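K.L.:
Residue-level listing of the chains:
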Amino acid sequence: MASAVNPIGQSSTVMAGRPLHLHADRFFDSDPAIRNVARALYEETRDLPLVCPHGHVDPSLLAENAPFPEPSALLIIPDHYIFRMLHSQGVRMEDVGVPTRDGSAVETDPRIIWQRVADFWYLFRGTPSGAWLAHELHDVFGVRERLDSDSAQRIYDEIAEKLTSPEFLPRALFEQFRIEMLATTDSAVDSLPHHQKIRSSSWSYGRQRVIPSFRPDTLFRIAQHAAWSKEVRALEVVTSESITSCDALLSALAERRQFFLSMGATATDHGVMEPYTAELSPADAERLFQRALSGEATPADQRQFEAHMLMQMARMSVEDGLVMQLHPGSLRDHNQAMFEHFGPDKGADIPLATEYTRNLRPLLNRFGSNPRFRMVLFTLDESTYSRELAPLAGHYPALRLGPPWWFHDSIEGNRRYREQVSETAGIYNTAGFNDDTRAFCSIPARHDLARRMDANWIGGLVARHIVDMDDARDMARALAVDLARETYRFPTPPA
Amino acid sequence: MASAVNPIGQSSTVMAGRPLHLHADRFFDSDPAIRNVARALYEETRDLPLVCPHGHVDPSLLAENAPFPEPSALLIIPDHYIFRMLHSQGVRMEDVGVPTRDGSAVETDPRIIWQRVADFWYLFRGTPSGAWLAHELHDVFGVRERLDSDSAQRIYDEIAEKLTSPEFLPRALFEQFRIEMLATTDSAVDSLPHHQKIRSSSWSYGRQRVIPSFRPDTLFRIAQHAAWSKEVRALEVVTSESITSCDALLSALAERRQFFLSMGATATDHGVMEPYTAELSPADAERLFQRALSGEATPADQRQFEAHMLMQMARMSVEDGLVMQLHPGSLRDHNQAMFEHFGPDKGADIPLATEYTRNLRPLLNRFGSNPRFRMVLFTLDESTYSRELAPLAGHYPALRLGPPWWFHDSIEGNRRYREQVSETAGIYNTAGFNDDTRAFCSIPARHDLARRMDANWIGGLVARHIVDMDDARDMARALAVDLARETYRFPTPPA
Amino acid sequence: MASAVNPIGQSSTVMAGRPLHLHADRFFDSDPAIRNVARALYEETRDLPLVCPHGHVDPSLLAENAPFPEPSALLIIPDHYIFRMLHSQGVRMEDVGVPTRDGSAVETDPRIIWQRVADFWYLFRGTPSGAWLAHELHDVFGVRERLDSDSAQRIYDEIAEKLTSPEFLPRALFEQFRIEMLATTDSAVDSLPHHQKIRSSSWSYGRQRVIPSFRPDTLFRIAQHAAWSKEVRALEVVTSESITSCDALLSALAERRQFFLSMGATATDHGVMEPYTAELSPADAERLFQRALSGEATPADQRQFEAHMLMQMARMSVEDGLVMQLHPGSLRDHNQAMFEHFGPDKGADIPLATEYTRNLRPLLNRFGSNPRFRMVLFTLDESTYSRELAPLAGHYPALRLGPPWWFHDSIEGNRRYREQVSETAGIYNTAGFNDDTRAFCSIPARHDLARRMDANWIGGLVARHIVDMDDARDMARALAVDLARETYRFPTPPA
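As they're listed, the protein sequences go chains A, B and C.
Each number in our numbering comes from the position in the first sequence (counting from 1) with 209 added on.
Each number in our numbering comes from the position in the second sequence (counting from 1) with 209 added on.
Each number in our numbering comes from the position in the third sequence (counting from 1) with 209 added on.
Derived from the structure by calculation, the hints contain no laboratory data.
Please read all numbers here as calculations on a predicted model, not as lab measurements.
Treat each hint with caution, since some may be false.
Since the list gives no way to pick out one identical chain from another, each pair is judged satisfied if it fits inside one copy or across any two copies.
In silico lysine to any residue, SDA-like type, Cα no more than 20 Å apart, as pairs [to be verified]: (1) Lys371 to Arg320; (2) Lys371 to Glu505; (3) Lys555 to Asn579; (4) Lys439 to Leu561; (5) Lys371 to Glu279; (6) Lys555 to Asn574; (7) Lys555 to Trp615.
All chains should be modelled from the sequences, with the hints used to inform the complete structure.
P.N.:
Take a look at the structure:
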């Protein structure tokens, strides 16, 4: 298989046969005064367990514990971080095996897919995806040569072979990764069969460690009639209730929250285009619900309904103690043709400027000082870190800021987050780290990068005599595990 | 008194008995090429007098010159930077002695309050409040052990004792701090009795150094009828004029400005939610005024009226030479329940995204090129530094950018300001430093941090061969004192 | 001639007779681990040819090849980067020779103008203009003393003398600068006589290297009736067609694009206040066109028409292959009085917050995945780098991000761009460097600063073990020349 060279002569095979080496000091500032402290702090956090309170791992992986398929199906085809970059440079999604909605043909030879990604691997220079995959290859799969056009097939073979051995079964990796707790993200109507199976399995290490999170978004999107109706019907089935009023919807949601709680959930999650919150009168809410039922709800109706339902979800969190996560500001499926051809989550979700100060005021005024309430707030709009989010989190007791999200979960993104949030909010109004990934094998890589960057940021504080080494150690441990555990109200893990 | 430990096991007493030490190179980059230049520049500015053209010190302090009360009343209870952080972590405001509006009970034992703050002092790691208080304790009060649960009462005793001695009287500290000029912020209807008393006192050092600033905001907020009416009545009393028309209001304002000028004022100050400016016809302005009188003015009316009055204030500044400060973009009292229970300025003011380019165009088109006009513009929205503020200040002769404001008056905030403003506006379109504080004892700490960060920024320019050492010295002095003096049209200080 | 001193005692002559020296490591981080790599990478790119795909050089310079006039007319009077800074500090535009629209008197003695700029040269400390002019004086004109009040006239003499020699003729400098390709920016109705003259000249080096770019903005600004009508009439003349319908306008535009193609153009350029795109029905577009003809088009009409015409331009780019550049977000001529007195491009264009995600969706949905389409997108709103632009460029194959534009083409601006764009978009979705200048002699200085900063950024990646040195070399060359060549579809340059 010949290697590809792009139009400007760049290629992944700058020089064949380069070893894959993860430098012990990678990502740390090169200034020795910072690097040495960062290294010392990182040494204290690197081997701490991985606390994973928000992510998108498919629980069936751990329920079935079947061997992972071959390398492309494991590492490439489900990872929109990877195929979106190839797509941005003109590689057709079909050519890296991304399945189409209508079942039309895509590349099915995993070796061709793997080679194609390797040929274009230079695109990931300086990106977190590049860093994460290098970590996965090296630390999870023991690969010792760099991925490029020349090495692609050898590396494919090496991984493929390993995937057949028991140490690479999902549960074995889960234990090897030292995952303390892993929360998945699940539809409100999900009966959680995979979680059920894990909990009733003989897997003693993992039984209490894989928990669901309650995500009811579809039930609030009343302007998307077909999807909404389908979800309401599923909710009727799973609750055995008829849902013909807003009150009935709220009752069913409360019931489902109880079910999720019984399955170990500690949190809900909510994705909205804007974080608008507003309390409607019961009559107004009912009117919107009826318009939804009749298929007449407009986007403006949906905006009001979502705002109202966020208030209801906060109210229920006060009652049942589930931590409320809010992920606003993504315009999903920006590329309509791609959405129609390939479906959602294909790397075409684009952030929007997001307003928090006015939008969250109703919710925070009503619940933000309630000691039973806890909200974890995320953003894709970094301009809000210092302007809105840190001042809000530095005031309201219920509010914690989630870690840098999605595009910003990176070396420089972490730096901007710490520098722009911490002086106003302190670190104790932040929620620790989330890996937020559906790529199971990337979990250790993501925590490692975050721990390195946190150690490096604190190292910079020590090197500038802003905090001393004793405080620094406390802070590093808080960022690595303690804040995540406490924010998400995780139980003490099994010994 | 037992020390507190928070839910994740962090506490202020990581190790008891740690000495409090302010490192000579604190806040400087650890890279020696930068640090050495920064240190040399700072050595040249550290002992320059403190020029304080904008702040919120209570002038009665210096008029009465009474001993400061005990440590909690001096350093904790009035400082919303401190109690907001404790509040954000669930400490009740009452428990740190913040007085309620209805007089309901709050903690009154200052030692308990002091202990509580000490117990939670770890929250301030990496924050400017933490750095400022360390500086105050060390340099103003001679404390040599770190504040924590263990040391709290000893430090309380040490400060309490010092506060009884003559060297810690307000005027003595004012002189010891080497304050060259201190501008307070005062209501337009204030008869300035404390300033009168200072000016007619025998305090030779301070008589000419404590000046008021003219802040008429309440008179422009016509939608807040009760507060507005009260302020208008106070204006009638203080001017002995009946104010039943917009023209009468303008006349009274002009008269008050003359009074403030006679008391040494060189500036006005204006706080608005958005920096919208627009010239109304006299008839339209009058119509709004009459709606205000009758209690019918809406928020939309107020927006127009404020926009118009900013234009009038600029016009008067051209006439009387008072420098016009504009502080836009804060949504005050975001937490309604807290506002009702505790009042304003309790750490619940949250910034908004702010637009300057279109909003200020009417004002800058009319007055921005007038050599008699001077405007100092502030922001809480750092995204405007490079996008709007630096280009505006790099064009309009009347415009100077105020220093990083409020949340952004910090180590990283200063860095972002210099890096994002200076390449387009240069340093000479900036206004030097403001401490902007109501915490009198924090004034030296705030100037020291700013001088260190300015020296460090210039040190980075020298280390990268962007400016040479001769220019760097000139720049450091300009940022430390000269730009503030010149921007605010301060008289040459008494020898 | 006496030197000037500003009100705070700062002057350009801190110390007379300082040598002008460009440090070999200027702009690089002072940390040796970064600096040493940066220097090594820069050594590999510093002598590569200059690829100039977007700028505003007057083609008559190279068509006529007349000697440049004296120093002030060459370096000061046409450079709004320089005179806007003096204006911001109260220097009248007339006093630095900026011509008025009505022909009223301005300073005409070039030595007085030159001295005035030198007197105020301290204003440019820490600015890119300061760095660029130092480079021009040193490298282009061989000046070896720093510009200040004392040296001004000596330096004037030195440059004036050089300008008379053949090596300083425009074409000689073009060759000395090693310009590989220079695209100018030209009105859609321009018959390109200067380009014609260059192409038919005996100048073998430059004949194929000076190309036009197609900029039809005025034809889309239907609310500015006088300017629009004049441009439409010019279009009628140059195409010998009557333009009385929108279809006729589109035909004429297509014809002009063919003419520009025949003259070597590879790109179009579009300046709009907001990047709004929307497809109108032919009937709606025609209705707007007729309102324009009758002088009744409103700003709202123009907004729709521009949105529609951007769609048409994208469609034509798919057909004819011209790369489409989009420069949105500047509020031109913010200072109305200055615009009336001096005209456009006088340093009073102020950026606006800019929205891309929603605005560009129609255009990118229709053309963004078309392999024949290429769009280069710019911004003046740095908050969009990580929020909108990098995610868009990291998805749509047709999209490339232009380099930091205008105010942001600076040392810190380059750093922010690389740090905020690269982790999401990678470097291969960026367009390399544009000098974007009308100051011909500043071209090498601007490329040099960009190459240094790019080398320094990559140096930081190497020093932190994010990329290795082999990849770093590849990346540095891509940023210096290859990405610009490929993005703008430049032909292989003549040997």
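K.L.:
For Lys555 and Asn574, with the copy left unspecified, which applies at a CA distance of at most 20 Å: within, between, both, or neither?
P.N.:
Cα proximity of Lys555 and Asn574: across copies only (15 Å, versus 37 Å in one copy).
K.L.:
With 20 Å as the alpha-carbon cut-off, assign the pair Lys371 and Glu279 to within, between, both or neither.
P.N.:
within (10 Å within a copy, 69 Å between copies)
K.L.:
For the identical chains here, do Lys371 and Glu505 meet the 20 Å Cα criterion within one copy, between copies, both, or neither?
P.N.:
Neither: 54 Å inside a chain and 73 Å across chains, both beyond 20 Å.
K.L.:
Reference check for the pair Lys371 and Arg320, CA-CA at most 20 Å: within, between, both, or neither?
P.N.:
For Lys371 and Arg320, only the intra-copy Cα distance (16 Å) is at most 20 Å; the inter-copy one is 64 Å.
K.L.:
Within, between, both or neither: how does the pair Lys555, Trp615 come out at a Cα-Cα threshold of 20 Å?
P.N.:
Within. Shortest intra-copy distance 13 Å satisfies the 20 Å Cα cut-off; inter-copy 34 Å does not.
K.L.:
I want to check one pair: Lys555 and Asn579. Are their C-alpha atoms no more than 20 Å apart within a copy, between two copies, both, or neither?
P.N.:
between (39 Å within a copy, 18 Å between copies)
K.L.:
Given a CA cutoff of 20 Å, do Lys439 and Leu561 count as a within-copy pair, a between-copy pair, both, or neither?
P.N.:
Neither, since 28 Å and 39 Å both go past 20 Å.
This entry does not satisfy hints 2, 4, going by the numbered hints stated previously.
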